[in-house]
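Here are the chains, one letter per residue:
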Amino acid sequence: MMLLELKNINLPQGDFNLQVSQLGLQAGQLYVLKGENGSGKSTLLRLLALLQQPTAGDVIFAGLSVAWRGRTLKQLRQRITLLEQSPLLFSGSVEKNLAFGLKLRGISGCDLQQRIDQTLEIVGLNGFQKRLARELSGGEIRRVALARALCLQPQMLLLDEPTANLDVGQVAALERFLVRLPQQGMTVVIASHDSGQPERLGGETITLANGHLIPNGSESPAAPRTPDLKVV
Amino acid sequence: MGYLSDSLLTAIELILSFDLEVRMTVWTSLYTSSTAIVIAALLGVPIGLWLGLSRFRGRQLAITLLNTLMALPTVVVGLLLFGLLSRQGPLGPLGLLFTPWAMIAGQAVLATPIVANLVLAAVAGADNRIINTALTLGASQFQAALQLLREIRFGVMAAVIAGFGRVIAEVGVAMMLGGNIRNSTRTMTTAIALETSKGEFAFGLALGMVLMSVALLVNLGLNVLQQR
Numbered sequence: 001m002m003l004l005e006l007k008n009i010n011l012p013q014g015d016f017n018l019q020v021s022q023l024g025l026q027a028g029q030l031y032v033l034k035g036e037n038g039s040g041k042s043t044l045l046r047l048l049a050l051l052q053q054p055t056a057g058d059v060i061f062a063g064l065s066v067a068w069r070g071r072t073l074k075q076l077r078q079r080i081t082l083l084e085q086s087p088l089l090f091s092g093s094v095e096k097n098l099a100f101g102l103k104l105r106g107i108s109g110c111d112l113q114q115r116i117d118q119t120l121e122i123v124g125l126n127g128f129q130k131r132l133a134r135e136l137s138g139g140e141i142r143r144v145a146l147a148r149a150l151c152l153q154p155q156m157l158l159l160d161e162p163t164a165n166l167d168v169g170q171v172a173a174l175e176r177f178l179v180r181l182p183q184q185g186m187t188v189v190i191a192s193h194d195s196g197q198p199e200r201l202g203g204e205t206i207t208l209a210n211g212h213l214i215p216n217g218s219e220s221p222a223a224p225r226t227p228d229l230k231v232v
Numbered sequence: 001m002g003y004l005s006d007s008l009l010t011a012i013e014l015i016l017s018f019d020l021e022v023r024m025t026v027w028t029s030l031y032t033s034s035t036a037i038v039i040a041a042l043l044g045v046p047i048g049l050w051l052g053l054s055r056f057r058g059r060q061l062a063i064t065l066l067n068t069l070m071a072l073p074t075v076v077v078g079l080l081l082f083g084l085l086s087r088q089g090p091l092g093p094l095g096l097l098f099t100p101w102a103m104i105a106g107q108a109v110l111a112t113p114i115v116a117n118l119v120l121a122a123v124a125g126a127d128n129r130i131i132n133t134a135l136t137l138g139a140s141q142f143q144a145a146l147q148l149l150r151e152i153r154f155g156v157m158a159a160v161i162a163g164f165g166r167v168i169a170e171v172g173v174a175m176m177l178g179g180n181i182r183n184s185t186r187t188m189t190t191a192i193a194l195e196t197s198k199g200e201f202a203f204g205l206a207l208g209m210v211l212m213s214v215a216l217l218v219n220l221g222l223n224v225l226q227q228r
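Top to bottom, those sequences are chains F and V. Okay, so the first sequence: first residue is 1 according to our numbering, each after it adds one. Okay, so the second sequence: first residue is 1 according to our numbering, each after it adds one.
Since the hints were derived computationally from the structure, they do not count as laboratory data. From a predicted model like this one, the values you see are computed outputs, not experimental measurements. Don't be surprised by glycine CBs; every beta carbon is placed ideally from N, CA and C. Any given hint could be a false lead.
A few chain F residues that don't get close to chain V, going by computed Cβ distances all over 12 Å [as the list claims (entries may be wrong)]:
#1 Met2
#2 Asn37
#3 Ala172
Rough simulated footprint, nothing fancy, chain F against chain V, three-plus residues with beta-carbon under 8 Å [unchecked claim]:
#4 126-138
#5 210-222
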């Protein structure tokens, strides 16, 4: 089943345009979004998260064309969660951070506490409920942000470079966890410039260069945005 | 030197003996300024938040206007509101002139631009990921703005305290709109001006010491918040 479709998208961003003529994301599928720095990966993720409205084109979520305003937009956003490359935790405790999105979905009481506890256990942060966000290390912040996204059980989870700055062991553990999510019906899109990650994660690969989708299997047609450095 | 030290001793005696007139004057000041700052916060915080988050044509002009209003002389506010509230003015029938409510209105006009401007600065200085993070977790634009407000709460509190510091120490509005009526609209600042001109230096000094203590407490609070 098609979960999200992009048609004839044009989204200007800085010095380039993100242009996608057609892209479809299936429910319960894992996608790895490849591309160099500045190729438009983060912009595409923000578009998929319905945070940035394109100047042209259609975004179709679960068969419905996205109207970029009002209650419907909020309801659609509640089915998608984006974990940014440098995630931000709100001030206060870890528990309060995880509770934020759950409360917005009307989850409270025992259900809320249970989801928080279970998700923190998944990311290996059991017992962190009362810890303050400002006391956490960089790695812990990323894991809490991941837990905050996971506990919402979104239909589509978008991750921008989730393994950046993690050590090898942490990367392997996270990748093992992520590949299991589509089996639960979740669509997962992972932006990465780790060349080995598409192979390790499996799933489909989406390649971006200079704001354009590159068809799978074709040679990289786009010139790099910055010249390669040469050691003399 | 004897005059100064004698006056200082009398002033301390007046404060320690909880002199009724000193108490009434201090109460009027605190009551009018506190009410005014609550009104100013209710107006200024949303204005600052809205200006900080929205992008529209004329926004820069609105910010410049707000900056200008921050430096509004108290006597000008007093004069304008006097025109509105005096018997011949459009709001004359309400009979508010020379009541604490007239002073509250004037002080709220003075403090609102200060609160709005400082909240605007706090929004501008906030992490620009707060709104997007809240949105991606399922918040509406309004809920995301409320979350931003929670994140910059110390800046907002500092804005409110700075506004309070401005209104508790002003004379022009209290004098022109309150009329300095004993046991009704006499504030610490207007009483200091009046009593000193009457030669009651010790009484003025006593009120001056209380006013300085309030200002000191306000600034201590402001410093604590700014360091967080």
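Exercise. Would you pick out the hints that fail for this structure and give their numbers low to high?
Key: 5
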